[in-house]
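Participant: What follows is the residue order along each chain.
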Amino acid sequence: MNFMELLTRAKESNAQALNEIAAMYRPLLIKESIVNGVFDEDLYQEQWLTLIYCIRKIRI
Amino acid sequence: MWKNNENNGADESNILHRQFTVYLATAVRRTKIQHLRSKYKIQRYEIPFEIEDTLKEFQAEPDMILSLPLVDQLENIKLQRALEQAKKRDLYIFLSKVLEGRSFVEIAAELGIEYNTATAAYYRMLNRLRKELGGEDE
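Top to bottom, those sequences are chains A and U. Quick note on numbering: my numbering labels position 59 of the first sequence as 63, and the sequence is numbered without any gaps. Quick note on numbering: my numbering labels position 56 of the second sequence as 66, and the sequence is numbered without any gaps.
It should be emphasised that the hints constitute simulated quantities derived from the structure, not laboratory data. Just so it is clear, the structure is predicted and the values come from calculations on it, not from any experiment. A couple of the hints might just be wrong.
[Said to hold, decoys possible] Taking lysine-lysine pairs in the DSBU-like style, the calculated list, with each CA pair at most 30 Å apart, reads:
no., chain 1, residue 1, chain 2, residue 2
1, U, Lys97, U, Lys141
2, A, Lys61, U, Lys141
3, U, Lys97, A, Lys35
4, U, Lys88, U, Lys98
Model the full structure from these sequences, guided by the hints.
Facilitator: In structure tokens, the structure reads:
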């Protein structure tokens, strides 16, 4: 399955597609949740919301 | 894994993948800045229970803000956005003129451009900021 199909399914809230995208971008979210070398749990949660927001918002 | 080496940007799906990655990376960075900013604000206005504890935190927070790049230190979101959207060269000319007080002749000589180009870039930035900020400074 290519990324376009994956994203289309994720937009329709398909759990498996969402999981795949989540696995793909987890390292990025972790990296951007580290402040001054300390992992910020609250920020990490916010980053997940950002990911979901981006999936919904992007136009295919 | 998100930096996918197999992605050569050839077909539509790969292009979309790249676009999505860039979009997400920007959004995520913005979330981080926003989070830091609101955390900083809460700590600034909170009523301290233990004065000694708070003093330590007060010392830590401004350091964090100051260690960010210049553009991220700004509190005015409109201004920040305007500066981020500007061309790098225009921004450089503008900041050299405003912050370092250098003359157009110096700046033009350094960048190897015409005097008129430097002034044009400066006034372009000025107009853009006026527009973005709703003409408050006029």
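Participant: Give a verdict on every hint.
Facilitator: Results for each hint:
1. U:Lys97 / U:Lys141: Satisfied, since the Cα-Cα distance of roughly 16 Å is no more than 30 Å.
2. A:Lys61 / U:Lys141: Judged against 30 Å, a Cα distance of about 28 Å means the pair holds.
3. U:Lys97 / A:Lys35: 28 Å, holds
4. U:Lys88 / U:Lys98: 18 Å, holds
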